[in-house]
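Chemist: Given the coordinates of chain A, work out where chains B and C should sit on it, guided by the hints.
Residue numbers (our numbering), protein chains in the order written: chain A, 1 to 328; chain B, 1 to 320; chain C, 1 to 352.
Hints are computed from structural coordinates only; laboratory data are not their basis. Every value quoted in this text rests on a predicted model; they were computed, and no experiment measured them. We put the CB at the ideal spot given by N, CA and C, even for glycine. Be a bit skeptical, because a hint or two may be false.
To be verified - Chain B stretches covered by chain A per the calculated footprint, using a threshold of three residues with CB under 8 Å from any CB of chain A:
1) 8-19
2) 132-141
3) 147-157
4) 274-284
Claimed, not checked - The list that follows gives simulated cross-link-like pairs (lysine to aspartate or glutamate, DMTMM-like), each with its CA atoms no further than 25 Å apart:
5) C:K85 to B:E224
6) C:K89 to B:D212
7) C:K307 to A:E35
8) C:K97 to B:D212
9) C:K129 to C:D87
10) C:K97 to B:E224
11) C:K97 to C:D144
12) C:K129 to B:E224
13) B:K226 to C:D105
14) B:K7 to A:E166
15) C:K291 to A:E30
16) B:K226 to C:E66
17) C:K332 to A:D24
18) B:K226 to C:D88
19) A:K287 to A:D91
20) C:K181 to B:D212
21) A:K215 to C:D105
22) B:K226 to C:E137
23) B:K226 to C:D93
24) C:K8 to C:E210
25) C:K307 to A:E30
26) C:K307 to C:D15
27) C:K97 to C:E137
28) A:K112 to A:D91
29) C:K332 to A:E35
30) A:K185 to B:E276
31) C:K263 to C:D193
32) B:K7 to A:D158
33) C:K181 to C:D105
34) C:K267 to C:E280
35) B:K226 to C:E134
36) C:K129 to C:D144
37) A:K213 to B:D302
38) C:K97 to C:D87
39) C:K209 to C:D245
40) C:K291 to C:D15
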Amino acid sequence: MASATMTAAQTADVQATSGVAGMDDAKLFEWVGPEDESSINGAHAPKRNFWHGVWTRLVHDRAAFVCLIALVVMILMAIFVPMVSPYSISDQDFTQCNLGFMENGHIFGTDKLGRDLFVRLCFGMRVSFIIALAAVIVSLVFGAAYGGISGYFGGMVDNVMMRVLEVISCIPSMIMVILLLMVLKPGVSTIILAYALVGWTGMARLVRGEVLKLKTREYVLASRVLGASPSRVILRDLLPNTVSIILVELTMCIPGAILMEGFLSYCGLGVQIPLSSLGSLVTDGIKDFQGNPIVLIAPSIFLCLVMFIFNTLGDSLRDILDPTLGRQ
Amino acid sequence: MLKYIAKRFGYSILTLWVLITVTFFLMHLLPGDPFVGDKPLSDSVKAAIYARYGLDQPVYIQYLRYMQNVLHGDLGSSLIYSGQSVTNMISAAFPYSADLALRSLTFAIPTGMLIGIMAALHRGGPWDTTALVITALGVSIPSFVLASILQYYLGVVFSSWTLANWGFRAFPISGWGTPQQAILPCFILGFSNLAEIIRMTRSSLLEVSGQDYIRTAKAKGLSERKIVWRHILRNSLCPIITILGPLIASCLTGSFIIESIFNIPGVGKFMIMGVETSDYMVTAGSTIFYGVLIVGANFIVDMLYMVIDPNIRLYDDKEA
Amino acid sequence: MADDTSKKPLLVVKDLQVSFDTASGEVQAVRGVSFHVSPGETLALVGESGSGKSVTAQTIMRLNPEPPARIKAGSVMLDGVEVTKADDKTMQDLRGKTVGMVFQDPMTAMNPTMRVGRQIDEVVLEHNKIANSEAWERAVRIIDAVRIPNAADRARQYPSQFSGGMRQRGVIGISIANVPKLLIADEPTTALDVTIQAQIIDLLLSIQKEERMAMIFITHDLGVTAQVAHRIAVMYAGRIVEQGDAHTIYHHPVHPYTKGLLKSVPKPGQDRSVDLYAIEGAPPNLIDPPKGCAFSPRCEKCMRICKELQPPATDLGHGHVCSCWLLDPRAKAVADAVGAGAGTSSEEGGAR
Numbered sequence: 001m002a003s004a005t006m007t008a009a010q011t012a013d014v015q016a017t018s019g020v021a022g023m024d025d026a027k028l029f030e031w032v033g034p035e036d037e038s039s040i041n042g043a044h045a046p047k048r049n050f051w052h053g054v055w056t057r058l059v060h061d062r063a064a065f066v067c068l069i070a071l072v073v074m075i076l077m078a079i080f081v082p083m084v085s086p087y088s089i090s091d092q093d094f095t096q097c098n099l100g101f102m103e104n105g106h107i108f109g110t111d112k113l114g115r116d117l118f119v120r121l122c123f124g125m126r127v128s129f130i131i132a133l134a135a136v137i138v139s140l141v142f143g144a145a146y147g148g149i150s151g152y153f154g155g156m157v158d159n160v161m162m163r164v165l166e167v168i169s170c171i172p173s174m175i176m177v178i179l180l181l182m183v184l185k186p187g188v189s190t191i192i193l194a195y196a197l198v199g200w201t202g203m204a205r206l207v208r209g210e211v212l213k214l215k216t217r218e219y220v221l222a223s224r225v226l227g228a229s230p231s232r233v234i235l236r237d238l239l240p241n242t243v244s245i246i247l248v249e250l251t252m253c254i255p256g257a258i259l260m261e262g263f264l265s266y267c268g269l270g271v272q273i274p275l276s277s278l279g280s281l282v283t284d285g286i287k288d289f290q291g292n293p294i295v296l297i298a299p300s301i302f303l304c305l306v307m308f309i310f311n312t313l314g315d316s317l318r319d320i321l322d323p324t325l326g327r328q
Numbered sequence: 001m002l003k004y005i006a007k008r009f010g011y012s013i014l015t016l017w018v019l020i021t022v023t024f025f026l027m028h029l030l031p032g033d034p035f036v037g038d039k040p041l042s043d044s045v046k047a048a049i050y051a052r053y054g055l056d057q058p059v060y061i062q063y064l065r066y067m068q069n070v071l072h073g074d075l076g077s078s079l080i081y082s083g084q085s086v087t088n089m090i091s092a093a094f095p096y097s098a099d100l101a102l103r104s105l106t107f108a109i110p111t112g113m114l115i116g117i118m119a120a121l122h123r124g125g126p127w128d129t130t131a132l133v134i135t136a137l138g139v140s141i142p143s144f145v146l147a148s149i150l151q152y153y154l155g156v157v158f159s160s161w162t163l164a165n166w167g168f169r170a171f172p173i174s175g176w177g178t179p180q181q182a183i184l185p186c187f188i189l190g191f192s193n194l195a196e197i198i199r200m201t202r203s204s205l206l207e208v209s210g211q212d213y214i215r216t217a218k219a220k221g222l223s224e225r226k227i228v229w230r231h232i233l234r235n236s237l238c239p240i241i242t243i244l245g246p247l248i249a250s251c252l253t254g255s256f257i258i259e260s261i262f263n264i265p266g267v268g269k270f271m272i273m274g275v276e277t278s279d280y281m282v283t284a285g286s287t288i289f290y291g292v293l294i295v296g297a298n299f300i301v302d303m304l305y306m307v308i309d310p311n312i313r314l315y316d317d318k319e320a
Numbered sequence: 001m002a003d004d005t006s007k008k009p010l011l012v013v014k015d016l017q018v019s020f021d022t023a024s025g026e027v028q029a030v031r032g033v034s035f036h037v038s039p040g041e042t043l044a045l046v047g048e049s050g051s052g053k054s055v056t057a058q059t060i061m062r063l064n065p066e067p068p069a070r071i072k073a074g075s076v077m078l079d080g081v082e083v084t085k086a087d088d089k090t091m092q093d094l095r096g097k098t099v100g101m102v103f104q105d106p107m108t109a110m111n112p113t114m115r116v117g118r119q120i121d122e123v124v125l126e127h128n129k130i131a132n133s134e135a136w137e138r139a140v141r142i143i144d145a146v147r148i149p150n151a152a153d154r155a156r157q158y159p160s161q162f163s164g165g166m167r168q169r170g171v172i173g174i175s176i177a178n179v180p181k182l183l184i185a186d187e188p189t190t191a192l193d194v195t196i197q198a199q200i201i202d203l204l205l206s207i208q209k210e211e212r213m214a215m216i217f218i219t220h221d222l223g224v225t226a227q228v229a230h231r232i233a234v235m236y237a238g239r240i241v242e243q244g245d246a247h248t249i250y251h252h253p254v255h256p257y258t259k260g261l262l263k264s265v266p267k268p269g270q271d272r273s274v275d276l277y278a279i280e281g282a283p284p285n286l287i288d289p290p291k292g293c294a295f296s297p298r299c300e301k302c303m304r305i306c307k308e309l310q311p312p313a314t315d316l317g318h319g320h321v322c323s324c325w326l327l328d329p330r331a332k333a334v335a336d337a338v339g340a341g342a343g344t345s346s347e348e349g350g351a352r
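So that you can see chain A by itself, here it is in the shape it has in the complex (with noise of 0.2 Å):
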């Protein structure tokens, strides 16, 4: 590239253009005119869809790549293994009692009744996404309604919604959920409910905030002039722009669904048997596990890199969606 250095003495020089792409002056100097909008707008501000954009950016980012390609596998792990394995998830054989990691063809061994670990853990594994991902659902919807109404009407509304909604953030969480647990029936649409009773509040909150913002942009209020319905507007025109924050939220709300039931069946009221959860193995490991170490070691490390893999993928969302959040 020429340098910038350009003095009043170059202007005059008239080699600087000669022999530029083998085009005489005359060519050189010939009137083109502009380039058509099209292509000035369209060359350098590809518009990509949005969740394309998203999802390269995400596949871009190392740590984040490997945590999606290890959940996946995680999540083949939880579907597929129990159907293919020739062990079931209750099967005792006390002559195979307390095995360790590879031993007579149980990958991770075998619990103190003799059931295979592989199994169990990989069907612990389903019931904890089933549990994390339905919790999460369902304080979703919750969380986002009421945040949505309470940000949208605003007021006298949302006063009330909001005191509502700090009285109840202000019990803590784990001990409301094992004052439910007490009444309800231990099990895992029991903790479901648990869970999306007290764990909606922060996403309420969340949409909330965003929603107050959103609903003094000109866009909304254009909305509302031209007579469109409270529900429309918060459907159509609020909540599609609370997406990527609501996402955020959400994945870093499954660790936490994940590790109450953790909590639960530490306790004693998570999942019952004959049913495993990652939850109820690292607590049955924690029994057993001086006689043979892999029946704690084994869900604790799937547990731990659950844990790791959503809060990892959060943070790497957060930092794609909300680039004013986090590291920049």
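Modeler: Just chains B and C now, kept in the frame of chain A:
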């Protein structure tokens, strides 16, 4: 400003009232009956016991009576350890819990803030790496997993080795009292909070560092040190203080796992015991007790926040 | 005006090149910029967003975070100091004392948790060895000087108690607290109401006149420039495409971009039924800037050479310098023929 304080205080009271009410009614929905033991009780004995605990009254009478008692600091008496007052049990147990929480916070808060601040000021350096590693470990290892593993490998395996070689156990696996017994539980309880504090401090500092007024401060010709101390730290402190409330809460409520693993006779241990034996007076009592602590902590944090951020004072005066 | 420019310049920027290293590549924000400012003189840097004017200004104070910013080449001589090679200590002495800066958004430019008076006396204390109480008195006098009533009370308030216009006065107070030789105003009125804009510009001009400061006034609004500037430099895609004294730029612009900008300024008495002129297209991507003239894709008089080679800077006399191939004698045909229509724009621009 007084209005702000009064308002916050009002919410705290309201929160506690909701908590007590919810707890009471949940306990009454409980399917388990603590008096259905191994021996079937005759109807007359049962009636006598019910009358003694006021269980024969209509629910709203029981509720009012319970409220009245709670207001007087009486959380009822244990159904299992007959005659034992829950208030007494908790007040005997609380010093242990408070000690545990306090020690772990005095470990976690300064350490976390230091690492977070250093990580934000020297991004990409060794402090930042440390912060990233601790945060990643802290968010992915549940405390009961960490506790069980450390209890075995440090408390059992390593301590037997020190006993054999140096003549003492490095980390006792249970109990409370000696400094050695405190190390593991405090570290584990503080560890997950440590991660949260580091994350919060670091991101808060980074966010403030990117603000326009920091550029203004730089344009004034202030040195890096003065910018950090005068402008960045104070403004990034506000969000950090807001997490102190939830943090104290998670320390207190999180401690019941640690207490039961390390066999520390704190409130959490009683609560778990109450859950296991369906002694709902104990469970309800410790729930309410935790609630008071947490709501109180949040209230104090709100007050602290007001001192630090002048804008809260000003705006609330105008609005209220 | 002419006698101002003949003085020894306070600030000389020569062939400045600044890049930002980002994840998606090197953004060449400033690609060879040269200008100078003398004491008492106001230079307006005009250009659309992303043209590199703020980066240029912040480089003079080395306010761009480095990294990602990087000064690739060039020199900035400010009051005898080579800024591009200065160490932290030298820069700290320069900032707030020799050069002050007014920022675009007064809402965020002040520390929300610090009293306004303290924010001003902080910069006074930093560069003068005086007692705290004395510095505070000076801060109050400065607040008074930027025409905020009840200065003594206002000094004890926080920025959130100030209106937007008042905050900008406060920010101006911070920037002039030590009577700098050079004042950089980076779009100081963009974020303000139109009614406040005039007050703020008046204030800046009167302070500048009193203290004979040199000023760099950054704006994207040529209309504002008319009231302020002695000289104007028009920036596009990281380069100065045309600079000269205000009269010349307004009445005899040469560069097609300058002409386009002037045409797009609304004028009083203009026929409202006619749409305001807009330059079609968007500025180029500075990660991969065009090898020829950056404006060529949007230029109505674009020639083949414009896409191939950077136009050299042509000195048209009296400090009027323009970088455009149309000034080449060989481009006479295009300059006259296609330019007939666009040429009238300069007349329109001059009519204001």
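Chemist: Could you work out which earlier hints the structure fails to respect and list their numbers in ascending sequence?
Modeler: When the structure is compared with the hints, none of them turns out to be violated.
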